[in-house]
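Participant: Residue-level listing of the chains:
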Amino acid sequence: MSWSVIVQSLPTFEKALWVTIWMSAVGIALAALVGLIVSLAEYFRVPVLRQVLTVYAEVARNTPLLLQLFFLYYAFPVLGWKMSATACGIVGLTFLGGAYMADGFTGGFEGVSKTQIESGKALGMSDWQLARYVVFPQGLALSVPAFAANVIFLIKETSIFSVVAIPELTNTALDLIGLYYRSNEYLLVLVLAYAVILIPVILFLDWLERRVRHGAFGN
Amino acid sequence: MAHSGINVLFAGHNFARLMGGLWTSVWIAALSILFGGILGILFGFLRTRSNRLVKLIFRLYLEFFRIVPTVVLLFLVYYILPRQFNVNWPGTWMAVLAFTLWVAAEYSDIVRGALESVPKHQIEAGEALGLNDRQLFWYVSLPQAFQLALPGTINLATRVIKTTSLLMLISVMDVINIGQQIIEANNNEHPTTVFWVYGLIFILYFIVDYPLSWWERRLRKNSKEVK
Amino acid sequence: QAAANQSSVAAIKKRGVIRIAVFGDLKPYGWVNQDGKRVGYDVYLARQIGKDLGVKVKFVQVNANNRVDTLNSNKADLVLANFTVTKERKQIVDFAKPYMKVSVGVVSKKSHPITKLSQLKGKKLIINKGTTAENYFTQHQTGVTQLKFDSKTQQFNALKHGRAQALADDNSYLYAWVKNNPSYTVSIKHLGAQQSISPAVKKGNKSLLNWTNKEITKLNKNGFFEKDFNQELKPYFGKEVKANDIILEK
Amino acid sequence: MATELMRVDHLDKYYGDWQALHNINFSIHEGEVIALVGPSGSGKSTLIRTLNGLEPYQKGTITFEGKKVTPDKVSWQKLRQEIGMVFQSYDLFPNLTVMGNILLGPTKVQKRDEGEVKAEAQKLLERFELADQADAYPRQLSGGQKQRIAIIRALVMHPKLMLFDEVTASLDPEMVRGVLNIMQELAKKDHMTMIIVTHELTFAAKVADQVLFLEDGRLRETTSAKQFFTNPQTDRAKEFLASMDY
Amino acid sequence: MATELMRVDHLDKYYGDWQALHNINFSIHEGEVIALVGPSGSGKSTLIRTLNGLEPYQKGTITFEGKKVTPDKVSWQKLRQEIGMVFQSYDLFPNLTVMGNILLGPTKVQKRDEGEVKAEAQKLLERFELADQADAYPRQLSGGQKQRIAIIRALVMHPKLMLFDEVTASLDPEMVRGVLNIMQELAKKDHMTMIIVTHELTFAAKVADQVLFLEDGRLRETTSAKQFFTNPQTDRAKEFLASMDY
Ligand SMILES: Nc1ncnc2c1ncn2[C@@H]1O[C@H](COP(=O)(O)OP(=O)(O)OP(=O)(O)O)[C@@H](O)[C@H]1O
Ligand SMILES: Nc1ncnc2c1ncn2[C@@H]1O[C@H](COP(=O)(O)OP(=O)(O)OP(=O)(O)O)[C@@H](O)[C@H]1O
Ligand SMILES: [Mg+2]
Ligand SMILES: [Mg+2]
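The listed protein sequences correspond, in order, to chains A, D, C, E and Y. Using the numbering used here, read the first sequence as starting at 27 and increasing by one per residue. Using the numbering used here, read the second sequence as starting at 36 and increasing by one per residue. Using the numbering used here, read the third sequence as starting at 2 and increasing by one per residue. Using the numbering used here, read the fourth sequence as starting at 12 and increasing by one per residue. Using the numbering used here, read the fifth sequence as starting at 12 and increasing by one per residue.
Mixed in with the good hints, there may be bad ones.
What the hints assert, rightly or not - Simulated crosslink set (BS3-like; lysine-lysine; CA at most 25 Å straight-line):
id: 1; chain 1: E; residue 1: Lys89; chain 2: A; residue 2: Lys140
id: 2; chain 1: Y; residue 1: Lys84; chain 2: D; residue 2: Lys90
id: 3; chain 1: A; residue 1: Lys108; chain 2: C; residue 2: Lys57
Because the hints were derived from the structure by calculation, they are not lab data.
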């Protein structure tokens, strides 16, 4: 273990750290959006769209991100559709994450108790009012734990971007190992780099979960 | 052109090779789930019973695996173990080890959660019958926790299967690695090979994973209805 | 040292198996044909070494960037994976006598050939992690953006899909690749000094190193490498590549 | 006699293949209080939920204020503003304060002026001794308080008919009285028209004008409360009364 | 008079800093039935759970059959074979059949012969009209059936004392009677010694010999059942009786 090797590599890792962070952030935000759309289509039982999105979600959930990326990056261009590596990464993360996020939101909406919905109906609420005042506020609060788990999961999945040559953390570490053969040092820095990203995220999500829970249900 | 690409899948032993690769992935997943599951039950049990220090150690163990991506984990085992600890197994067993440790961590949390969600009054009903701690665990906690943990267990299994796609990165001859060999051997003559090979592997993963996730979903739905 | 002993000639003979690290997707040096059989220039040599040692050969497939660790972590006794001898690598592994010569080359589109390094400035260049090409471009500031891949399959596919203007790797297989991809050309044939490719063993494994040196000398003398070239490489190369471009003089 | 507010004719209701309600007929007049009683599983909840459009029915008609109800979603949505309902489970919205719960219906559904509704809500809270709780969240309240607020939440919509489905069944015994008191006041002072499903027969005897006795999804008796409790017609009702009076 | 089975002296119990039970003193003799009544939160469950070792206590002594109970886990585990307990929540083990539930204690804890216990269980099931249910799982039973089986599960251990904590509180009103009937039979026919926490005062009046009235963790009255229900001593008991009697 050589201290100087570690120190020398830090600027390189810092660049990669930002790549991981920004790609995670964008991918997760888009995944949440897709997830919300899928779960809304499910909630409002939108014909056709709902079935289509269900098929999408099953495919996305039951195949590895690595293959999704290979497809986007290596196979699609054969058919004439080409995206940059960055775009592939974001699209891949959104594709995979959207299905997971949809699961989380749908679970939340379904978790709203039937009696809550009926008491809303008994007040004469329309479907939209029911959604707006009863199901969404409570359902979104219920889905926070799943959302938190998904965020952590998706950040970690960015490590697979390495296979499409995106210079994020894992790719950078592997690259440095290939160049200078100092695997101990670089792997240590790599693990620490993920800790630097994930520990604050985990703490924040824990806090959010407690807050939302208390705000919505008082426990 | 597209036609020639798809033929590559069935040329020579290609299809059998791919299936062989899939088998490698599946048995690595199966063994990891088995070993990791056993360890996970043990760790999860210890986490509900032990003193603070032991709990803390297992908690840290879990958090480590929560933070480190599985790819990185594979490389850690692949690079560090042989050199630092002179462990010298083939890549497949390295993979089983890495996955087992990971599964054990995640599963210990599922088991702990399930044990803790066995209703308190069930435990008390057992106590009221004079059951001792061991009997309480075997006759009351464990059977009920098993039911509660089943969907989470299946979910973890689907993730392990999907994660076997990373084996390629540590040179295990898994289905993707063999796919790449086939692509490399044929890509020049048949440029669409890449599409068909990845497409087939994509479908193979879906076929293996989908029934499990369907089962999980059904279990969760049933348990919601019972409530 | 216990670890080195595991790969000594005696240990290998006792075991009856030599573990040799090769590429699986580097046509025509180390690849797998559609019958699932490992073939290629390196593999051919590997099989010969097994025969001469009187043991079976067990292949360990590697990528460019884990060749060193495969030795260091005792996963293989010998690396025959187009392993270019460099100053840095010499410090961590022991190279035997060379069995091939090579230098870094650059391949690009015939229509927009990159013939000088200066043309790369501001462009994208594909390289494979852990290769001498990567070393070269990391040491020489050319103002090019590197796209780094794990495997040969990935890097050549990326080039074909136009994800970069050029790809740098050992010229020896660029030649083979352009034969099948006639719209590309090896537009820079040599970058930096001519280098050689050697078998590598774990640092300190004198026993296997000495044996391998003798073996290479012997094979070179009896024309084995020419045979190897003709059988494994020639069919995949264009006319412009001669045996002398690849194999060393006797 | 007062005008008829709601009537039910030949109502049949199925859950899948299974018939839960058989040919239900009755009517309720303005200011009248009906107690709906019967054994568990006899279909009381099913019937009262049907009257609020929470359950579809397969045959028969419901008439409200002389107009036949068209059994579609939108008609029921409108009608529910005229028909208040309180359930057994405490069903206040946990993410809103007491006042928020009360205001939601009038301001969002009926689009009435918030200030005006608030003043009215305040008065109701005072009347039922809950004024201090206006800013509390449901989790801070006892079960009895929650049920009283659920009643206020329904009242502030100015319903013409109130439906109560075992509103005291999940309450601690000491909490029951407060809730029943409100219902009694509504009946006696406000002359609210009400249908009450309850197991509290003593209470039913006190407030109800009429009793509907349901068993196995059939109305076995429809009589005045006085008669039902002192001298039930059918044997089944007699048995039922005996079983309840331990 | 019969021999004393259990006595409690100067018992204090805290939840953290907060004192839940204050200086509790009473005793129960063989064949006696005690009703433990009081408002919600007064500490009835806490007290009865303490008598079964489910809650630790901080001061005082519990004496069972003349021997002071040492308050450790193992002693309680032994003692619990002599003291049966049934709770408010249906606490059958969902993964076992009715028979499996009943056999668990006698065969695993008491290591008795399975065949013999089974025969006995069968008799009890028949006696309480549950013979058909022996192979059913708890989820297939009604609440009343579940509670009756929970009682059998306790009885088959041959306890000397039975504790009941509001066993009918979560039941539908018609189910209540079946359960109370069993308890009455145990009291009158089997002369089982029992402590019963209940809100069913009419029932308590019928079966109890003695009443303990608990309020704020203090025993306010310990009198014969007759006297308590007709002429309670304290004002608080009077108030309580009034509030319960709607
Ligand atoms: N959603 C449903 N699907 C199928 N059957 C149902 C449904 N809801 C109720 N039932 C059945 O309809 C019958 C009547 O139920 P209902 O809840 O109306 O009875 P109830 O008189 O209100 O009983 P309780 O006094 O226990 O509340 C019961 O047999 C019940 O099992
Ligand atoms: N585990 C606990 N920790 C802290 N306080 C508790 C705990 N269990 C009960 N308490 C408190 O002790 C007091 C007595 O509770 P207990 O459950 O014994 O009352 P109870 O008389 O059985 O009431 P109910 O009739 O509602 O069952 C209550 O104030 C309660 O909040
Ligand atoms: Mg009901
Ligand atoms: Mg209690």
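Participant: Can you confirm whether the C-alpha distance between lysine 84(Y) and lysine 90(D) stays at or below 25 Å?
Facilitator: holds (23 Å)
Participant: Within 25 Å, alpha carbon to alpha carbon, are lysine 89(E) and lysine 140(A)?
Facilitator: holds (21 Å)
Participant: Sort out whether lysine 57(C) lies within 25 Å of lysine 108(A), counting only the CA atoms.
Facilitator: This hinted pair is violated, its Cα atoms lying about 45 Å apart.
Violated hint for the displayed structure: number 3, the only one.
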